[in-house]
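Trainee: The listed protein sequences correspond, in order, to chains Z, W, Y, H and E.
Take the first sequence: its letters are residues 1 to 501, numbered as in my numbering.
Take the second sequence: its letters are residues 502 to 602, numbered as in my numbering.
Take the third sequence: its letters are residues 603 to 1231, numbered as in my numbering.
Take the fourth sequence: its letters are residues 1232 to 1746, numbered as in my numbering.
Take the fifth sequence: its letters are residues 1747 to 1941, numbered as in my numbering.
By construction, these hints were calculated from the structure, which means they are not laboratory data.
Hints may be right or wrong, so weigh each one.
Below 27 Å or equal to it, Euclidean Cα-Cα: the simulated DSSO-like pairs (lysine-lysine) are [unchecked claim]: (1) Y:Lys761 <-> Y:Lys1189; (2) Y:Lys1161 <-> H:Lys1256; (3) H:Lys1672 <-> Y:Lys629; (4) H:Lys1256 <-> Z:Lys468; (5) E:Lys1911 <-> Z:Lys468; (6) Z:Lys449 <-> E:Lys1910; (7) Z:Lys468 <-> Z:Lys108; (8) Z:Lys163 <-> Y:Lys761; (9) Y:Lys1042 <-> Y:Lys967; (10) Y:Lys1161 <-> Y:Lys1146; (11) Y:Lys1146 <-> Y:Lys967.
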Amino acid sequence: MLEPLHVSLASLNIVTLAPMLIAIVGALSILCIDMIKGGLHKSFYVMVSLLFLLLDLGTVIDFGNIFLKNGPVLGMFDMVLVDGLAIMGQIIIVAGSMLFIALALTSKRFHEYNNPEYFSLFLFMIAGFQFMVATDNLIMVFVGLETASLALYALIALHNRSKSFEAAVKYFTMGALAAGFFAFGSMILYAITGAIEINQIASILAADHYANIGYVLVAVSFLLAAFGFKLSMVPFHTWTPDVYEGSTAALAGYMSIVPKIAGFIVAMRLFEFLVHSGVVWLQVILYVAVVVTMTASNIWAMVQTDVKRMLAYSSISHAGFVMAAILIGTTQSNTALFLYWALLSFTNLGAFTMLWVSRQKNLLPGQSSDHPFEKFSGLIKTMPMAAIMMGLFMLSLAGIPPFGLFWGKIYIIASAVSGGYTVLALIMALNSALAAYYYLKLIVFMFMKEPITEYGKHYLTNASLSLKTIIGIAAIGTIFAVVAVNPLLKVITLFVYNSGY
Amino acid sequence: MEITLAHYLVLSGVLFAIGLIGVMRRKNLLMLFFATEILLNATNIGFAAIAHFHNDLTGQMFAFFIIAIAASEVAVGLGLLIVWYKRTGKIDLDIMTSMRG
Amino acid sequence: MEIYLYIALFAPLAGSLFSALFGASPKTSVTGIVASGLLFISFVSSAILLDYVMMGHTVHVEMMTWIAAGDLYIPFGFVVDQVSVVMMMVVSIVSTIVHIYSIGYMDHDKGFNRFFSYLSAFVFSMMILVMSDNFLGLFIGWEGVGLCSWLLIGFWYHKESATWAANEAFIMNRIADLSMLVGIFMIYWNIGSLQYDVVFAEISNLPMPIITWIGIFLFVGAMGKSAQFPLHTWLADAMEGPTPVSALIHAATMVTAGVYLVVRANPIYGLIPEVGTAIASLGAFVAMFAATMALVNRDMKRIVAYSTLSQLGYMFVAAGLGAYWVALFHLMAHAFFKALLFLGAGNVMHAMHDELDPFKMGGLKKSMKFTWILMTLASVALAGIYPLAGFFSKDLILEVAFVEQHYVLYTVLLLTAGLTAFYSFRLVALIFHGNERHLKYGIHPHEAYTFMLYAMAPLAVLAVIAGMVFKTPYYQMVTHMLPAIEYHIHNHTTFWIMTIGTQLFVITAIAYAYKKYAKAVKVDTKVESGFFYQLLYNQYYIPKIYDELFTKPYRELSKVAWKQIDLKIVDATVDGIANVIYRMGEKTHTMQNGNLSSMLRWMVIGLVVLLVLAIAFTVGYNAVTMRAM
Amino acid sequence: MQEHILSILIFFPALAAMLGFIVHKDSARAFGVTVAAIEFFLSLWLWHLYDPMTSGMQFMEKAPLVAAFGINYLVGIDGISLFIIILATFFTMIGIASLTETRRVKDLIVTLLFLEMTMVGVFSALDAIVFYVFWELSLIPMLYIIGAWGGPLRIYASVKFFLYTFTGSLVMLVGMLFMAYFYFQATGQWSFSLLEWYRLILPLNFQLWLFAAFFLGFAIKVPMFPFHTWLPYAHGQAPTIGSVILAAILLKMGTYAFVRFSLPLFPDAAVYFMFPIASLAIIMIVYTAMVAYAQEDIKQVVAYSSVSHMGVIVLGTFALNVEGISGSIFLMIAHGVVSGALFLLVGVVYDRRHTKLMSEFGGLASVMPRYATIFGIMMMASVGLPLTINFVGEFLSLLGFYKQSHGFTLVAGTAIIVGAIYMLTAYKKMFFGTVTKEENKYLKDVNKTELLALIPLVVITVWLGVYPKPILEPISKSVESIVQLMHDKAQTPEAQKRIPNLGNPEVKNSQQETH
Amino acid sequence: MFEAIAFYLFAALTIGMFTITVMTSQALYALTAMAAGMIFISAFFFMLGADFLGVVQIIVYTGAVMALYAFGMMFFDTTRTLVEKRNNPRIIFILGVMAAALIVFILVSPIISTHLEARYPIEAAFGNSQAIGMILFTKFLVPFELSAVMLLVAMIAGIVLAGKKMDKSLTLMAEEEIALMSATQAPKDTEEGAH
């Protein structure tokens, strides 16, 4: 018979699970509270969620301190890995979620916020993402990913209108296909290495000197396809605009930040060792993918007529931009990735919130989407402050200094330059110019055209004090990003470098 | 004639390909979901086979979790399908083109 | 002495600014009087300086730094020496007279004040031009007179022809100015300074080709201002300006600036006699060329203008042959009688209500006696009849050509002298003699204001005596600076034959002119329709050729540059790139057709592409490693 | 306060602009004038404090921005930037004072004040990234000014302006990052400080690439042929104030950057590319002059004339000697004054008639004599008449380049001919002849507000034409140090030959003083 | 030998069944074929000694998943043939065959890896289920718990989405309507929540 296993509790490092557990507990308690007393106002749930997320963030930051002292920590039979990437990722995930959950505090009533399940699912999703980044075990990645994704599909659909159902179904179906890819890719990796922990896979492959290069490449192809979907790389990106359009601006903004950073961290763990071991194929493929993703999505964004769709394409392009960091694969570039994403979260938060506050419940006659450009026409004349804010976020997205994203941009481009990818740096720079066109388009509408009266009534109607505060936070974060860049850079470099990336 | 790992892997690959074909050609959402199940099942065979030939349990575990994931997906997928059906009365994905461009 | 220098220089500026103050207000004679008075002051100062210089001194001041960058140092420096003082005198005398004259001439013009402002500004520029002690200072004046010339030619800006002529003059001058600038650049980079004294001291150390080029470039600059072929067309057109302007600028002073430059730069040209010969040849050519055009022209002022051109040719002959003092002397004498001639023409124009065709005049000597006398006097002087100024200066040039053994030049100049006499008196005869053809047009001529006539009187006196009286003291003075070469035909017989022969030739020409035009005017249609007549009448078709060869092509080319190149190529490329990108977006964004099935297919396609690439790479990789093994 | 004067100068307008939001719209203009005037006097004070005897940077301020990446807030000025800054503050003041715009004045004023901040910032930045920040930031107010207050094609024009310059400067940004990377490789530290970059000596092939990258950004801004096509649209559509600022200051950023970046950082490349660039400059001069001649719209004439003049500036810059570079910097200021004034003048007539087509006018000299006079003076300055401000610059630029090439200068010199052609023709069309159009018969001459702006410009035009020394001397001094630096850094024999060695400039200066 | 026969038999059956699932136009056939295919797959698991997996496969798939689908089908009333428009079947075919060919091509080559070692060896000494249980509750405890969370999420999502709550959009309803609705439906809702 089996010998009883003796595992000391200390060696388990149960505490490494704490952040995720907090989120899960939060989710469960929301469910319980709803069961005990239904019909509570959404602000209650928002605050509860915020509280749990705050706790969550606190623990993560605490781990950060521990990490800086002791280095990476493994826990729970090596299932949970708390290294710099995981901590950085979790901070962005949790902090981003905190900012976005508050967007539920609209002045208008929306279906999903009247369901406590929404908040519960939201917290579950965060837990899922946290698991996903805080491990290098492919099973954990997979399960975490699915937990988060399933919750996300439901969140999208909860908006309860046909477009959001359509979005959810599309997202779900493609997600299922991507899950298949992921599973198959992992299977092949497992076949050739017998391991499902990424660092073990890496070491075994290295020890074999990549004897089964064909298998590796096929596995990488599948995994690339799976993460290409998650990170919306062309041609796996097709869900992005539709899903963004179908979901609320708040959720779309959220999707442009949090799920992607989780994806990036896993992609970083998965692909960088390959890039570093000189798998030329992967370098070339990534190179092409980065360039195509950036360029194609920029070009498509130009011809959009809806701001949210435009921002969707723009977020594809940003993802492509950041993917370059993984291709470059130096400490500097990985640092740049986090820096960029942190800055992007603020700007995107602002931009999507600006859309969110202008959301009307019903489409006007002749209006085909929630946020057509015409809606913003002449905004400077009717609502100057709103126009300036939106303009600010657009400029930041376009990478105009000294606004937030510019600093991320130069750091990534600088890392490309110092990583030897000069041409890539140029392409990235020129793509920013392409991107400027469509951001400018919105600015043109807002600042240079005459207002269209029937839209004027609906602007800012969804705003509430909390939403305005969030816009304010985003604006401050965007304008004064330069102050934060230096400390961010230092901290991130420490985390990234000490995690061995 | 011995059945090797390659046999299983080829079988897994073929099934995966069938799944892919299904994913691509199905217009009925429900049947499209069937195809995604096939994809996951194909992978499961592979995992089990590799586990067997490596004499290692990890593969089986992976397959186990994949089954769990597949089950969850079905639940959510069907939920989505039901709301969609309630709204439109159809589960044909060709009518699902209100967003494009 | 410096104070006089400054007075001479800045009095005209003061006059100009004073008049400018009233620029937009209605006519006040104050402006005319003040400007004239200030010019007179300037004249007096110049005279004092002349006296001072005559005693063998020179005045050299450096007012302030103008441009200093790197090694370049250019001050506002002024020098009054033997050469510049002559010019100063000429300029101040003629301009004073012209100013006074203009008070009457412009009496009825709305732009009276403006006119004086421009005119005085011109004098100021001219003063800078002649007094500057460096090439760039000269260039200031050079451009300044160009500007004033532009303003004054186009004074009656409502006239299309006037403004056109003004622009033509300016632009043509600019062409020459470029060459002059290049000359200046060459001097600077080879010598490191633009001060006359430094340059002239160092110039001989330079290699010959460089000196030659400097000489050529500077001369091309001079050609523009002095309207030498092929940059001559503007001068005749410049007659669109008010007549006093023509008298001052386009006869007496500005156009002679080119001659002044060559004279001033004599240390340079002295080193390059070949260039000098070329200058002389061009001068002779222009003398003849202009004179022929004057023969048939039917525009009083243009005739005088061509005569000016012709005389400038004479001056360049002298200057080119190294007889700088002769050139300067003729410059001076010419200034007096040509200004007189123009002012007389101005009187006639006034009387004739701005009619310019002498064939529509005649018999004016009755009503305009003084003018007749003055113009005849001026014409005689121009023709070079003893003992008037022209004789001393122009015949001297003939002698120079002869002595220097340039017999071709000599012949050309001699012939030209005859032509000069002919057309001058053709004009006099047509205007003042014969029938009063103008009555037909209902014009009743009257003499000009008396004070205008008085104003002209000094010029008449100078035209008479300048040669006789001034020659010796002038020679003594300027030869301090200019090469002192006496041009004497040592063989007395030859000398007398030549002198008398020339005089006779000229008198014959005058007589012929009188005979042909004094009584009745027969229009000889056969001659007039002849090729030569037409050729001359149309100024050798040169304006037309320029128009066809430069103006029109330039305009067309500009149009092409804008409409075809700039808009259709350069800009269209930029927009094209943008459009291509945008179109690409429009074409390909349908890939996002919203159909889930095709979305899934895209994913599978992506996967398959990756797999194909993976396998292709693997196969290739294996092949390579196999071979390596 | 004195040690922070530059920061005050940069951020005062921005701060005031923020407060400007609160000011009531009727008082906005007065507020704008006040702020701009204070700023102008601050800049004059800066001039007063400036020590003309030193050639290095003065009023340096340094504060770390992103220390980990070597980005510092580093500002300072020398003789080159000082006067452009004064020009910028001056034009902002004049521009606001003479503003005739009535639509949304407050927004315009606020925008202008922000623009002023960026302009001053660009010319005082000594850190490449800070420079870039202001450089890019300056696009936005301009974009807004053109796009919101412009003519019928304003959106096209403004977007084109923005995207074109933005694209160029992104390439430049890559160049900057490369440069910083080189510095990193050489010293192990990131730095974007120009002064530290000056110390780097790069291998030739790197210089060439980097030069090209920087060049693209600058050339589009200048704008050099064939990147100039945004300019006519921008000018054509921009409101008067926009054109004035654009022509007077913003274009100068490009040429200024050549002097600040391209020359001292890449002396060998500058020599290597001297003739290609000179060729472009000559094409700019002649070709755009011809295009200007063909224009029907007076504003377009002035716009193209700007390009033509910028050609001379570029040529002077690439003369690579003290005369040429000083001349080109002086010409920047000169051209700023003159073209700014010309645009103001065009604005005067546009305000009255709402058309800029020359065929709509004619004979204005009799209707608006004062206007015609001022226009005439400015036109003459524009064609480079001596004793006007432009001449000094043009002369020095051409003189400088003559040292490098005779033929090129000869061709480039046609600037003075072709310039005269289009300017005089335009002037003739506008002012000469008889008044044919009924609307033109009763046009009002320039009024006091307009004179307020124009008279100072006329005064400056003549004053600096007659006595350029107060400006030229500090410029020349600063240029000397740049030329010397270039000479010292030059590696190729060609470059060492072409860039003069000034010896020890300090010694020479003192000699000149005694002289 | 037996193994080979079994393998080929079941392989053929599975491929056949799944092909039917993918190709048939009858949803019922598809469902049935898939259920059959799933069961055949479990045969492979048994052959490979993964007894536990085989059992789970049968229970979860054929029991739970298929039941769910069957319910769904009843709900959707898709027993009737559904006409599926296909725009370009050739692309699908080509892509499918290519994918299959590529995968097969790469997978037929033997896996050679010297560094493979079983970290959780399958020992014959005790049953597969025991071994699974052993590592499931040690090594794979966290994923196991996580998948519990995942299932919970799926359950909540399914209930929320398919429930009555989604029938009416709270977004679009007027305030009074909601008040009315919650008054009438409140008891029901809590009941549902309790389930």
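Trainee: Decide, hint by hint, whether the structure agrees.
Mentor: Hints, verified against the model:
With a CA separation close to 59 Å, the supplied pair Y:Lys761 and Y:Lys1189 exceeds the 27 Å bound. Taking the CA atoms of Y:Lys1161 and H:Lys1256, the gap is near 45 Å; set against the 27 Å cutoff, the hint is violated. A hinted pair counts as satisfied when its Cα atoms are at most 27 Å apart, and H:Lys1672 with Y:Lys629 qualifies at roughly 22 Å. Between H:Lys1256 and Z:Lys468, the direct Cα distance comes to roughly 26 Å. Compliance with the 27 Å bound is thereby established for this hinted pair.
Note on E:Lys1911 and Z:Lys468: the hinted pairing is violated, with a Cα-Cα distance of about 30 Å set against a maximum of 27 Å. The straight-line distance between the Cα atoms of Z:Lys449 and E:Lys1910 is roughly 45 Å, outside the 27 Å bound, and the hint therefore fails. At roughly 14 Å between alpha-carbon atoms, Z:Lys468 and Z:Lys108 fall within 27 Å of each other, so this suggested pair holds. Between Z:Lys163 and Y:Lys761 the alpha-carbon distance is near 74 Å, which puts this suggested pair outside the 27 Å criterion.
Under the criterion of a C-alpha separation no larger than 27 Å, the hint pairing Y:Lys1042 with Y:Lys967 is consistent with the structure, at around 17 Å. Proximity of Y:Lys1161 to Y:Lys1146 is assessed by CA-CA distance (about 21 Å); at most 27 Å being required, the pair is judged to hold. Taken as a hint, the Y:Lys1146 and Y:Lys967 pair is broken in the structure, with Cα atoms around 37 Å apart against an allowance of 27 Å.
Comparing the model with each earlier hint shows violations of hints 1, 2, 5, 6, 8, 11; every other hint is respected.
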